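Undergrad: Listed below, chain by chain, are the residues.
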Amino acid sequence: MWIHGAMKGAGADLAVLLRGNAVNYLVTRQDAGGLAFGDWKQTQPPTIASDLAALAAKGVEVCYVAEDLAERGIERNELINGAQPVARNAVAELVGRYGRVWYW
Amino acid sequence: MADKKTITIAIMDAPYESGRSTTALRLVDLAAKRGYNINVFAYEGAVLQPFAAQKAHPNAVHGRDAEQENHFIPKDAIAALMREAEKNGGKIDWVNCGLCVDERGAIDAIPGVRRGSPADFWQMAEASDNTLVIATR
Chain A
1 MWIHGAMKGA GADLAVLLRG NAVNYLVTRQ DAGGLAFGDW KQTQPPTIAS
51 DLAALAAKGV EVCYVAEDLA ERGIERNELI NGAQPVARNA VAELVGRYGR
101 VWYW
Chain B
1 MADKKTITIA IMDAPYESGR STTALRLVDL AAKRGYNINV FAYEGAVLQP
51 FAAQKAHPNA VHGRDAEQEN HFIPKDAIAA LMREAEKNGG KIDWVNCGLC
101 VDERGAIDAI PGVRRGSPAD FWQMAEASDN TLVIATR
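For the protein sequence lines, the chains are A and B, in the order given.
Following the working numbering, the numbering of the first sequence begins with 1 at its first residue and continues without gaps.
Following the working numbering, the numbering of the second sequence begins with 1 at its first residue and continues without gaps.
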């Protein structure tokens, strides 16, 4: 997600599709804070849901596979605003709309 | 304080590539807090975990300079863990597999890291109450 923010900032026209366990990134109520090793403490934990919301606010289309969300028991009202569900059987059509497709 | 134990952990993942590395360091942290003697055998890409030349950087996407970002740097976490172990009466003996170091040019490690070989891992395991191998995938 970070690299998408960097590419968007450089002028790229992007969309993001989250599938599998990555649909968890959209859940607003998660907190990765508290990581520490000895006297080193992480002061900037990842805030991936906020990062996705920021991408969406910049005009990046953020989609997720609807069945992957449901299979994990995640409700749509737990997600950031602006994320679009895509049916699993519609993923091929979605992907076909883009000139380049990268799988991370 | 819990009974003093000696444990050995073998790791293989290079820095930043896997959550397994963070998990391994969290386990070391717990053991260090208990004052255990902790042997770490770093194999393959893991010899880069204590690489001395790692540097923090800013984060332009989030608008933070290097100091604000306080990016996780494995060598600093490992140094902090060594201090934590010593503070609690234990010790971390971190051994980098020498051939893996040579292949990767990872010669320059932080103080407290020594060069070794699989024979060290075997000897560490023999002398430990328990051994955990966290392999790469």
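Bear in mind the hints are in silico, worked out from the structure with no lab data behind them.
Computed from a prediction, not measured in an experiment: that's the story for all the values here.
Mixed in with the good hints, there may be bad ones.
In silico PhoX-like links for lysine-lysine, alpha-carbon gap of 25 Å or less [what the hints assert, rightly or not]:
1. Lys8(A) x Lys4(B)
2. Lys75(B) x Lys8(A)
3. Lys58(A) x Lys75(B)
4. Lys87(B) x Lys4(B)
5. Lys75(B) x Lys41(A)
6. Lys55(B) x Lys75(B)
Short, incomplete list of chain B residues facing chain A, as computed with Cβ under 8 Å [as the list claims (entries may be wrong)]:
7. Leu25
8. Leu27
9. Leu30
10. Ala32
11. Asp65
12. Glu69
13. Asn70
14. Lys75
15. Asp76
16. Arg83
Even for Gly, the Cβ is constructed at its ideal location relative to N, Cα and C.
Undergrad: Would you mind marking each hint as holding or not holding in the structure?
TA: Evaluated hints:
With a C-alpha separation of about 52 Å, the suggested pairing of lysine 8(A) with lysine 4(B) is violated against the 25 Å cut-off. For the suggested pair lysine 75(B) and lysine 8(A), the alpha carbons sit about 31 Å apart, so the restraint of at most 25 Å is broken. Straight-line distance between C-alpha atoms of lysine 58(A) and lysine 75(B) comes to about 35 Å, which puts the hinted pair past the 25 Å bound. A distance of roughly 14 Å separates the Cα atoms of lysine 87(B) and lysine 4(B); the hinted pair therefore holds under the 25 Å criterion.
For the proposed pair lysine 75(B) and lysine 41(A), the alpha carbon gap of about 14 Å is at most 25 Å, so the pair holds. Only pairs whose Cα atoms come within 25 Å are accepted, and lysine 55(B) paired with lysine 75(B) is accepted, the gap being roughly 9 Å. At about 6 Å, the closest approach between the beta carbon of leucine 25(B) and any beta carbon in chain A falls short of 8 Å, and the interface hint on this residue holds. Because the smallest distance between the Cβ of leucine 27(B) and any Cβ of chain A comes to about 11 Å, over 8 Å, the interface hint for this residue is violated.
With 8 Å as the threshold, the beta carbon of leucine 30(B) stays out of range of chain A, its nearest partner Cβ sitting at about 10 Å, so the hint is violated. The criterion of a C-beta within 8 Å of any C-beta in chain A is met by alanine 32(B), whose closest approach is roughly 7 Å, and the hint holds. Using the Cβ-Cβ criterion of 8 Å, the hint placing aspartate 65(B) at the interface with chain A is not satisfied: the shortest such distance is roughly 12 Å. For glutamate 69(B), the interface hint holds, since its Cβ comes within 8 Å of a Cβ in chain A; the closest pair sits about 6 Å apart.
Because the smallest distance between the Cβ of asparagine 70(B) and any Cβ of chain A comes to about 5 Å, under 8 Å, the interface hint for this residue holds. With a cut of 8 Å, the hint placing lysine 75(B) at the interface with chain A is violated, because the nearest CB-to-CB distance is about 11 Å. Hint on aspartate 76(B) holds. Least Cβ distance to chain A is approximately 6 Å, under the 8 Å limit. Proximity of arginine 83(B) to chain A holds as hinted, the smallest CB-CB distance being about 6 Å (cut-off 8 Å).
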